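Student: Two chains, each in its own frame: build the complex with the hints.
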Amino acid sequence: MQIHSTQLTVDEESISRRGFLKAAIGLLNGLIALTLAVPGLGFLLTPVFRKGSSSWIKLGAADNFSSAEPQKATLKYVSEAGYTRAEKTGFVWVVPEAGGENPLTVLSAVCSHTGCNVAWQTDEQKFVCPCHEGRYDRHGDVLSGPPPRPLTKLATRIENGQLFVQLLT
Amino acid sequence: MNPDYEKKPPGILSVVKNLLDEPMPKGVNWPQTLGSVLLALIILQIVTGVLLSLYYSPNSDAAYESIQYIETQVLFGKLIRGIHYFAASGMVIVIFAHICRTFFYAAYKPPRQWTWIFGVALLLITLGFAFTGYLLPWDMKSYFATKVGINIAGIVPVVGHSIIKIMQGGSEVSTITLSRFFSLHVIVLPLLLVLLVGGHLYYIRLHGPTPPWLKDGEPVSYPNRFYPQQLFRDSVAAFLVVGAVVFLAAKYGAHLEPKANPNDTSYVPRPDWYFYSLFQLLKIFEGKLEIVGAVILPGAFVTMLILLPFLDRNPERRLSQRPLAVSGGGVAVLSILILTTWGAYEADQAKQRLLAKTEAAAAGASSDAAEIKTGDPQRGEALYTALKCGECHKQVSQGLNIPPGLGFAGNKYNEDWLLGYLQEPYRIRWSAKDRRPVERMPNFDLTDQEARDLASFIMQNKMDSKFPEPDFDWAEADSDMVLSGRDLIFEYGCVGCHRVGDEGQNIGPDLTAVGSKLQDSYLYHLIKAPQQIISKTPMKDFKLDQEEVEDMVAYLRGKK
Chain A
-16 MQIHSTQLTV DEESISRRGF LKAAIGLLNG LIALTLAVPG LGFLLTPVFR KGSSSWIKLG
44 AADNFSSAEP QKATLKYVSE AGYTRAEKTG FVWVVPEAGG ENPLTVLSAV CSHTGCNVAW
104 QTDEQKFVCP CHEGRYDRHG DVLSGPPPRP LTKLATRIEN GQLFVQLLT
Chain B
6 MNPDYEKKPP GILSVVKNLL DEPMPKGVNW PQTLGSVLLA LIILQIVTGV LLSLYYSPNS
66 DAAYESIQYI ETQVLFGKLI RGIHYFAASG MVIVIFAHIC RTFFYAAYKP PRQWTWIFGV
126 ALLLITLGFA FTGYLLPWDM KSYFATKVGI NIAGIVPVVG HSIIKIMQGG SEVSTITLSR
186 FFSLHVIVLP LLLVLLVGGH LYYIRLHGPT PPWLKDGEPV SYPNRFYPQQ LFRDSVAAFL
246 VVGAVVFLAA KYGAHLEPKA NPNDTSYVPR PDWYFYSLFQ LLKIFEGKLE IVGAVILPGA
306 FVTMLILLPF LDRNPERRLS QRPLAVSGGG VAVLSILILT TWGAYEADQA KQRLLAKTEA
366 AAAGASSDAA EIKTGDPQRG EALYTALKCG ECHKQVSQGL NIPPGLGFAG NKYNEDWLLG
426 YLQEPYRIRW SAKDRRPVER MPNFDLTDQE ARDLASFIMQ NKMDSKFPEP DFDWAEADSD
486 MVLSGRDLIF EYGCVGCHRV GDEGQNIGPD LTAVGSKLQD SYLYHLIKAP QQIISKTPMK
546 DFKLDQEEVE DMVAYLRGKK
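Residue numbers (my numbering), protein chains in the order written: chain A, -16 to 152; chain B, 6 to 565.
Isolated chain B (complex conformation) (with noise of 0.2 Å):
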């Protein structure tokens, strides 16, 4: 009996070492990192998407909300939100890059076909996985951009109505809609995703990686196994890939637009970044000729790239020996990096133009915009409605008053807080215990102007009946007051809710800085009698004496 036989390490580990062990051809260096990388970043997926799926609700009634609930409230959820988002974008990119390098290197001549094939129909899959993640959020630009991409189906002769409504699930864009992108995106494209993938290494596997420039059946030499130098450069690799994508998330996070709302108007939808080409196409060929951008030049060019080994049968792999192939390649990769570029340019034109309409619209008042330093009312008007601050401020105050009415604003801010505020909104309101998550308002980086033309016709809104002017001028009030109206605070167990400086609960609004953000009579109006400033607050009305009012306000007003 062979003495070696019984040290060969047995079943698994034989089957390790003998994948570890595989001879790399001379050449083989950095770029052929790509793919593997690509393993690192769908591994990333699939462990970031199980994840989001724990709390993610696939109803258009609850898709949003499940969504703001992973942000605010699950531990690391932005981050993990984050990485799901940027690992896609990293896809496309080095999905790209993959294809880029195989066939500049021609590494999809024969005997490796196969590979290159499964390859396409990867590149393919990842795009699917783009489109029918983006609804899954269901804000603004996911209903939209979703709607614009399944109408271009409709560009299709014949049966192109009967695949918008195969996709739509019914006649529009609705819930079903997004059961069924969930059920692709976390089933059916998984399932394909993994098999593919399978296939792909299992031809890399019996073919061996391609000895770089040499011709099939020329002679080439082993220096180096794929454990350890090799998978050492994939491993640098992947971890500054990996590396990217969270610093970017944890720096950024993943966009989260308003909720769909499928009656507004105002709103431009543009597809992420890698449908950019695609998108261009469509605005290039106009009319009759619309099913040349949607349907015939994507689909041919398809066709093309799966068919490409079987149409390119020059066996040399070096460059200067491909003259065809290597311009025809080069023409395709300029083109869809121009398309992707000039997409991206118009779509930061449509988004200036907007701009620029609310402000035509406003403009009128005077030309010498650039010394104003005062607010314009009437382009604060066209700015609140460019920006739909009336989507979630509404007029009238009611319970928990999450955003604010702002009916009476110009009873109750401060204009110099409100214009910081608008420049740089804060958490008012932190999630209690028993609360929904509470949102912050975005930022909508304004300008300066912007903010003080925005601020002056907030300011505006005004019910002074509400708010008759009190008898008292907190400006004389005196330090006995300010003292009286501290212990009433913690007397009367604001603290139980509010917090004040280093004390208290996070449950109603912070007070610690509170005089500079509410005008003295608004205070003193709600202490007295919260009810009737915001109905069904559930602020506790105290019933507190005038004077014990005043001394509050005396004390609050004080915290700046």
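If we strip away everything but chain A, and leave its shape as in the complex, we get (with noise of 0.2 Å):
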């Protein structure tokens, strides 16, 4: 019997033992898991935390856009991606509003779906997007198709007769 009971603590101790040591490895590997995750997730994610920015960029004289019908005006801006920075040309479409708030609308041309360039068609007298023949009406908003929401209309102000539109990247 006493035997026994002998054998029993030094069992007992022994469980303890590797109890800690259990803990231990998964303590310690959990802790350099953690160190290399924590800094790794920042560098991965900077572009989530990054803030774009913005600027004004000249489309023209605001004459130049008085015809009746939405005009395509393409724009230089510089883009910055990272370590580099390039000059860019986009687009955008300049609608004019016969007795509007504002005498011109400034369109984006990227269709609200899944990004084409939406093309404005005389004929239709609609905006449409030939990737999924989503359709929008002069005013950019939503008519046919599968686009969610209407065209992004762009900040604009006039100034010394020029038209300015706002960018945002």
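Hints are computed from structural coordinates only; laboratory data are not their basis. Every value quoted in this text rests on a predicted model; they were computed, and no experiment measured them. We put the CB at the ideal spot given by N, CA and C, even for glycine. A hint or two may mislead.
To be verified - When the alpha-carbon atoms are kept at most 27 Å apart in a straight line, the in silico BS3-like pairs for lysine-lysine are as follows:
(1) A/K59 - A/K34
(2) A/K41 - B/K548
(3) B/K545 - A/K59
(4) B/K548 - A/K34
Claimed, not checked - Which bits of chain B does chain A cover? Going by a derived footprint, with three or more residues having C-beta under 8 Å, they are:
(5) 43 to 54
(6) 66 to 78
(7) 244 to 257
To be verified - Computed beta-carbon distance windows for the label pairs:
(8) A/S36 - B/L211: 52 to 62 Å
(9) A/E70 - B/F449: 31 to 41 Å
(10) B/F449 - A/T72: 41 to 51 Å
(11) A/V31 - B/H260: 27 to 37 Å
(12) B/K541 - A/N47: 21 to 31 Å
(13) B/G498 - A/E84: 53 to 63 Å
(14) B/F252 - A/K55: 34 to 44 Å
(15) B/P228 - A/G2: 17 to 27 Å
(16) A/S36 - B/I98: 44 to 54 Å
(17) A/E84 - B/E429: 18 to 28 Å
(18) A/E70 - B/I301: 33 to 43 Å
(19) B/K256 - A/G2: 35 to 45 Å
(20) A/E70 - B/K393: 25 to 35 Å
Tutor: Encoded structure:
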């Protein structure tokens, strides 16, 4: 009986020792993973935390856009991606609004569905997206097709007769 | 049916359990944790390497800029790159210790010869990673150390020059070389590494750990299991090493020298410390014997390492029973340590000589240098050349003016400020949202005397015609002027770009202590007509009248 009880104590001791070792293994490796995961995730997710910027781009004399039809206006802007900086060209649609609060509205050409470029179709009098047949009226509101939202209206201002548009990047 | 059968954990769990349950021979202890530490470092390198590759660009036009971007713009970028750098050094140290341990414990002997051979291959792969890795940042060290490394291949008879062309992808170290090294570093070597680590681990499991000091076939007792006893030791060791790497990375970060300039003649290229032994061998054997140090000795050493299990047929493991192997191994280890230390010493000497040379060139003035307190522009000029200040600072100031041209530094700075800045540079501009990353000037660790010499030289650069003496002396400015200046700063929206104390933006330079930095007359002329002082500066010319400018200067000069 005595021998049996000693054996039991040894076993209990070794069990608690094993328990400690197992906990320590989990803790140490968990700490290693954590010291790597925290900076690693920050590094990976940097673009998510980065704030965008905006700039005002000149589109030309406001008088140039006096025709009744929406007009395509090309613009040059500086695009900064990481350590690169390049001049790029893009375009927007300038829509004359007779009797509106602002004489000119500027619509983004990016379809709200999957981001293709919409184009003004004179015969239909609609903006049509070539990718999935989304259709918008001249104010950019959805008429038919899959687009979930109207075309984005860009902020504008007219200074000394020149039309400027605010570009968000 | 056996009732235990249904209780068995299925599939992957039983495999893991089986792996963890490996019996450990008596005597396996802390020295046997080195392999696991290496595994931890490899995982560290894979994770940080993948992260770095998300922003890095392997193109000689963009590589350096992308590293700067990682260092200054990416969250934890400095730390992640630092970990990758220090873990690389750590791997070389631990692999060296691991191989020494295996050698002196005679764990390379049959049946474990394949474990050993895979291990030697892993050592070579690690050195390959080191060599291909340090070209990638495309800084001065990258460029020249790689050039030297590649040219060593030219010593090989007959095919040497072809090897150089293959490695370079042409007749010089170029952007093609960078692509090749990048491909090796992130595709070829990692694949080989994973395969070889797999093979290494397979053989370790196949034959089990070596029972310390016992001959093969002697009875062995297995008192412990891998889990938890040995895994606990492995975890402690890995934790300590990873902790040290992260600490060093956080404290020092990885080194980044100026961007590679192939035309530089004053740069002294030195490899990273783990190649010092090879570097020193190159220096010992000169002229026709060159090939001995460059190819024959290192080649023979590697061949010996690979063939070791077949050359050493003595089945004994105890040190006392292996006099030849132990003394041979001892000599090899000592040689590597001595060559590495010697190489480190010589590298340091070369650096000192370069410094001494610049000082000697500038000497001639006076020899009782210790007492001098005023700066000597002649010595300053030598220092200016030696530190290559002119590589970044041009004469004329333009545009964003980063870094500033020093052509009229004498009209611009207060010498006391310049002196302090040279000794402890800080960031003048912070990165603004639509600007490129803004780097701080490197700290050149100048002594007090060197800083005085350099400052006195820089202050000699003057363009007095550009800065005619203003009519007003601001020492006589009254508090009304100061207050009106303060209001004007806010009225004109200066704080839209500049920070003043707690207010304003970090787009232009901080004005909080501008009074101690800039001379009154410089402030006056700059505010009056910014584009005339710095052409194309984005600072707006407000076309202020005389009085307004004077008031603003009165306010700003007091910001100290």
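Student: Now, for every hint given, state plainly whether the structure supports it.
Tutor: Cross-check of the supplied hints:
A C-alpha spacing of about 22 Å is found between A/K59 and A/K34, which places the hinted pair at or below 27 Å, so the restraint holds. For the hint pairing A/K41 with B/K548, the CA-to-CA distance comes to about 24 Å; that is within 27 Å, so the pair holds. Under the criterion of a C-alpha separation no larger than 27 Å, the hint pairing B/K545 with A/K59 is consistent with the structure, at around 23 Å. Taking the CA atoms of B/K548 and A/K34, the gap is about 33 Å. The hint is violated against a cut of 27 Å.
By the rule of at least three residues with a Cβ nearer than 8 Å to a Cβ of chain A, the coverage given for the segment 43 to 54 of chain B holds, with 4 such residues. A count of 6 residues in the segment 66 to 78 of chain B with a Cβ less than 8 Å from any Cβ of chain A is obtained; the coverage claim is therefore met, three being the minimum. Chain A is given as covering the segment 244 to 257 of chain B, and this holds because 4 residues of the stretch bring a CB closer than 8 Å to a CB of that chain, at least three being needed. Checked against the given bound of 52 to 62 Å, the beta carbons of A/S36 and B/L211, roughly 59 Å apart, stay inside it.
For the pair A/E70 and B/F449, the supplied restraint of 31 to 41 Å holds, since their beta-carbon distance comes to about 36 Å. Between B/F449 and A/T72 the Cβ separation comes to about 44 Å, which falls inside the hinted range of 41 to 51 Å. Between A/V31 and B/H260 the beta carbon distance is about 30 Å. The supplied range of 27 to 37 Å therefore holds. Between B/K541 and A/N47 the beta carbon distance is about 29 Å. The supplied range of 21 to 31 Å therefore holds.
Look at B/G498 against A/E84: about 28 Å separates their beta carbons, and that is not inside 53 to 63 Å. The hinted range of 34 to 44 Å is not satisfied by B/F252 and A/K55, whose Cβ atoms lie roughly 58 Å apart. Distance hint check for B/P228 and A/G2: the Cβ-Cβ separation is about 19 Å, which falls inside the suggested range of 17 to 27 Å. A/S36 and B/I98 have their C-beta atoms about 45 Å apart, which keeps the hinted 44 to 54 Å range intact.
At about 57 Å, the CB distance of A/E84 to B/E429 disagrees with the hint of 18 to 28 Å. Roughly 56 Å separates the CB atoms of A/E70 and B/I301, a value that falls outside the hinted 33 to 43 Å. Distance hint for B/K256 and A/G2: a CB-CB separation of about 36 Å, consistent with the stated range 35 to 45 Å. Taking the beta carbon of each, A/E70 and B/K393 are about 32 Å apart, inside 25 to 35 Å as hinted.
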